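Undergrad: We have chain H; now place chains L, B and S onto it with these hints.
Each chain is listed here by its residues.
4 protein chains.
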Amino acid sequence: MMVIMHESATTEQVAGVVSRVEAVGASAHVSVGERVTVIGVLGDREELTALPLEAMPGVERVVAILKPYKLVSREFHPADTVVEVGGVRIGGGHFCLIAGPCSVETSEQVLAAGRAVKAAGGHVLRGGAYKPRTSPYAFQGLGVEGLRMLAAAREETGLPIVTELMDPRDLDDVYEYADIIQIGARNMQNFQLLAEVGRRDKPVLIKRGLSATIEEWLMAAEYVVKEGNRDVILCERGIRTFETATRNTLDIGAVAVVKLASHLPVVVDPSHATGRPELVLPLSLAAVAAGADGVMVETHPNPEQALCDGPQSLPTSALAEYAARTRELAAWCGKTLG
Amino acid sequence: MMVIMHESATTEQVAGVVSRVEAVGASAHVSVGERVTVIGVLGDREELTALPLEAMPGVERVVAILKPYKLVSREFHPADTVVEVGGVRIGGGHFCLIAGPCSVETSEQVLAAGRAVKAAGGHVLRGGAYKPRTSPYAFQGLGVEGLRMLAAAREETGLPIVTELMDPRDLDDVYEYADIIQIGARNMQNFQLLAEVGRRDKPVLIKRGLSATIEEWLMAAEYVVKEGNRDVILCERGIRTFETATRNTLDIGAVAVVKLASHLPVVVDPSHATGRPELVLPLSLAAVAAGADGVMVETHPNPEQALCDGPQSLPTSALAEYAARTRELAAWCGKTLG
Amino acid sequence: MMVIMHESATTEQVAGVVSRVEAVGASAHVSVGERVTVIGVLGDREELTALPLEAMPGVERVVAILKPYKLVSREFHPADTVVEVGGVRIGGGHFCLIAGPCSVETSEQVLAAGRAVKAAGGHVLRGGAYKPRTSPYAFQGLGVEGLRMLAAAREETGLPIVTELMDPRDLDDVYEYADIIQIGARNMQNFQLLAEVGRRDKPVLIKRGLSATIEEWLMAAEYVVKEGNRDVILCERGIRTFETATRNTLDIGAVAVVKLASHLPVVVDPSHATGRPELVLPLSLAAVAAGADGVMVETHPNPEQALCDGPQSLPTSALAEYAARTRELAAWCGKTLG
Amino acid sequence: MMVIMHESATTEQVAGVVSRVEAVGASAHVSVGERVTVIGVLGDREELTALPLEAMPGVERVVAILKPYKLVSREFHPADTVVEVGGVRIGGGHFCLIAGPCSVETSEQVLAAGRAVKAAGGHVLRGGAYKPRTSPYAFQGLGVEGLRMLAAAREETGLPIVTELMDPRDLDDVYEYADIIQIGARNMQNFQLLAEVGRRDKPVLIKRGLSATIEEWLMAAEYVVKEGNRDVILCERGIRTFETATRNTLDIGAVAVVKLASHLPVVVDPSHATGRPELVLPLSLAAVAAGADGVMVETHPNPEQALCDGPQSLPTSALAEYAARTRELAAWCGKTLG
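Protein chains in written order, with this note's numbering: chain H, 1 to 338; chain L, 1 to 338; chain B, 1 to 338; chain S, 1 to 338.
These aren't lab readings, by the way, just hints derived from the structure by calculation.
There could be a bad hint or two in this list.
Below, a list of computed lysine-lysine pairs in the DSS-like style, where the Cα atoms sit at most 27 Å apart [what the hints assert, rightly or not]:
#	chain 1	residue 1	chain 2	residue 2
1	B	Lys202	B	Lys70
2	B	Lys202	B	Lys335
3	B	Lys67	L	Lys67
4	S	Lys335	S	Lys118
5	S	Lys118	S	Lys202
6	H	Lys202	H	Lys226
7	S	Lys70	S	Lys202
8	S	Lys67	H	Lys67
9	H	Lys202	H	Lys118
10	L	Lys335	S	Lys335
11	H	Lys335	B	Lys335
12	B	Lys118	B	Lys226
Values in this document were obtained by computation on a predicted structure and should not be read as measured data.
Chain H extracted, bound-state conformation:
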């Protein structure tokens, strides 16, 4: 790291920083400029990160040189991670279509959705049993009962299922039924939850937080991998900006950035990103073109009756055409399907 001193910093203040740095076994190289002194610091990353050098007198700011994540970085692990689940591969040139309803409502609904996903050539069935809702008055999900409905749909269709975990106390239940455990956008920095799923042996899909930087998102993945679980899938689902024409702003650049910075697979959720069904296909195609390893889309047998996110769901009747077009582009991009 580099410590940039104030223009008015004294020689004593510079010496203070140097001795503080040396006290933890790191080395300091002082470079005196015409107006500003800069101290280059070499040493153990974690040790140095913990030092509150910016609180020392005379320090203007501290610039990190190394990235704060390690295990999830491309430098640490140059080859693409391929997550395998129920015969499906995600990442490393394998393209994955995840689809299903926002929330599990009835056995019939989730089965109908599952059949449509299967018929459309989808690879994974999504559906929420625990729902994070802004309003305490809104439908909060069916809980374990919903997990069982998902499992029944898996049994019939053969599709592995991905479902959200919101509370560490539900982990055993979710672990029992899910094939992929989803950490939602609102829990992306629920660090205990991340650590818990990191100690299990099922793949984890981490949605990007509404206002999380790419670096923070990768740090969330680092929490999981650090505990031993290397099967992490990242999911870009739009960030919060000033624009209100779409529900969120799909950060398509993040897909390309993450593919360069990390070995983990990245999928895109165009449904939450836009909140408008007519935008789901163009943004799915954009995601594929930008290099995404999959898309995760909401579909419902009857969006007008949905208990959650109906307005942004594709009707299952439209799924086959959507899936075909998305798959064709994935093939054009050189991806293997599933």
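TA: Chains L, B and S only, in chain H's frame:
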């Protein structure tokens, strides 16, 4: 609510919306304009909110007329809520100074901080035993041991303590030691956690999420109050914007907006909002002037040695002067102290 | 529009709004709900927009029903606008590759770039003679001399040129040399400038402002079209958000939204959106897949020597491969080239 | 500046950067870390800023050490700048109340407003003759006629006037009538306009752009001062964020940051920042408490009839009480009035 139809919506589509609305016992009033038809809908708020009318054919958008929160609204409860804890009153004209270290590190550190807060005329001691950290490699807090250190500081100083709860599994411990339970910014939409503290009888301080709208923040409070716990304190701590000169952007307008929209007390955390100690006093004064019911500030006996947020902490040696100035302005604004 | 009254609004206040509305020849329909009264207003859009109804006592807020733009809307003009310039067509299924240096530096540089663009199958040559620079100490462009260099490059390559106009006093010069007049992001709401180019008969390319909503961007286009110039091209170039991993955040959803809302062609500038050359190809492909009518990319014979935006420019040596891939995807999407 | 190389950068790439830097007369100091090499560069700031080092092979990123502004910085000119105009002083401990209508509509209106401002103890009369409006269908201002009405109000009240310049072609007119020339938020990066007013000898008030960083705002001021005009006043008027409860988000922290970073006076416009008259007083008090050198507020004899921004204007009948409270706090803060 009002349903605004597309310019191209057909008569059948309008009729479809009307019959959907009437099916849940609400009434619909169709207003046909030159270019657009609008349907006014009257009925039970929760029932209507759950209807995915935007998914119906021909619907352009749905505009809510009523606010989504009820129990926390000024309309529902016109008088200011006054939270009382350990002899301290917050809200309703009572101004409160909350101060302490970011994280509890040692008995000595938290005691030194507590004495400084007491000496400076502060009312509540803050300190984190469970720390949400972006990096899994950073100091994560002392847990129950930290809670005990806080309790010891309370015993000596008489100051009630506020500390963060991150995981529902820690609730019994935090409930045992804390006087006010803090829900951190990253957990503002951890809805299970909100509901859990809503079922207890200790005051809850809810920090605004980094990218939470004021409405979402009030909905988080609604989660707590709905469960029966009416002692909620809101804490503005800066939002995430494009500006990087400060750690976050203190949304001073939110203080004034919330005072109008809700009866709950609002305090401001200038330390997290700015990340720079030299900005803590001016922004604290701004908070007081805007009508805040208190400030919550980080202070440390030795910021240069702090394990967390040292760079933004006031040294305890500067606390008395800071507190005096803040208190004087609160008095000028007509507030009673504590 | 709809006027939503406060819960506490009196009958007199409702009557006041009604009479104010009727005074400008519009009609008001009062709908009294259990808690809130709503007044639907029908009448001339411009007349109504000018009324400061939100300033009237008892008014909570005013909700617009009609979009504020008209001439640029898809409803007003359902068929795609096709802009024709120098034998090139943009929009309506015609895909366009615009490329060239950020700024015109020397005759040799712009000629070399022009030849590379031509050789790569590009359609339009871009290059700035007037440069908006954050710093007054940075290179500000060559002015008219730069325009002449662009014209010389056009003469040799046959490519029409697009260049930025920043000041109405330079309009005659820019009009003389340019084929397409660019309005930069920082001038997107320079309304005089918009009106001036609206009175000329050369196509106008309007870059989206850094923090402009899609609606404001379309209103900027409305300024131009209102004056009589219907040849407007919109250019998405990234918006400003909290994310710093890319220079801006490419709002890929905006491309799809604008294609639905307006008949005007939309192109994407992936160079300014990302600021990183390695992201230019994936984001160009994403733009094409999302439905963009073209891309506008920075290229320089020697990015390391560029006076402006070198770090984000593709070297001209890489242009042919980039263009080929982009063109192939455009063809896959069913576009005609140029 | 510091050049941080990629982990994979070669010795040749490091040497390339060094020779590039030395070619412009600067010196390079190479520091080889375990994983990353950093090159410290010392030399002429402008020369170095112009070098596109990030475009060189092997370079990861470039970190600036010195601030990009100079003339407006506190380091360059430690003492507060005091702008004097028509007997009023702004900055350096002198507090200034600027008030008036959003736009000049009639002689009567501006006179009535001027009298109210004078009676309330205000120091400067504001009013727009040229209005930047999002819609081409909205009232665009009275132009020179409006300037004359302002001058007449000055004549009667003795108050100096501040009015916005939008187009360099109007500069002679605005210069003739105005005492302070305002550059609006949408023109904050209209660099020609900034340079033009920098060549005149009347004070310039620069509103912060909707999405301008503090650094960019100071750079806009640098454009003016560089041309020789040192009488610049900065005006914070809210930035664009995701929050929609207020029209913009008042960045109160920016006031304190600018007071530290620059010697120029800073005023706050709470009317545009919030868009809600009930928030104007609390946010004005917050501005004063944070250290602002003045406030600039919209007032209208009859907000319900205003052609522009009526909903956010204080009625002139409420101005005296507003002004008294604001002034009292300014005095409490140790400011001299006017």
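Undergrad: Compare the structure with each hint and give your call.
TA: Hints, verified against the model:
no. : hint                : result
1   : Lys202/B - Lys70/B  : holds, 21 Å
2   : Lys202/B - Lys335/B : holds, 24 Å
3   : Lys67/B - Lys67/L   : holds, 24 Å
4   : Lys335/S - Lys118/S : holds, 19 Å
5   : Lys118/S - Lys202/S : holds, 22 Å
6   : Lys202/H - Lys226/H : holds, 15 Å
7   : Lys70/S - Lys202/S  : holds, 21 Å
8   : Lys67/S - Lys67/H   : holds, 24 Å
9   : Lys202/H - Lys118/H : holds, 22 Å
10  : Lys335/L - Lys335/S : holds, 23 Å
11  : Lys335/H - Lys335/B : holds, 23 Å
12  : Lys118/B - Lys226/B : violated, 34 Å
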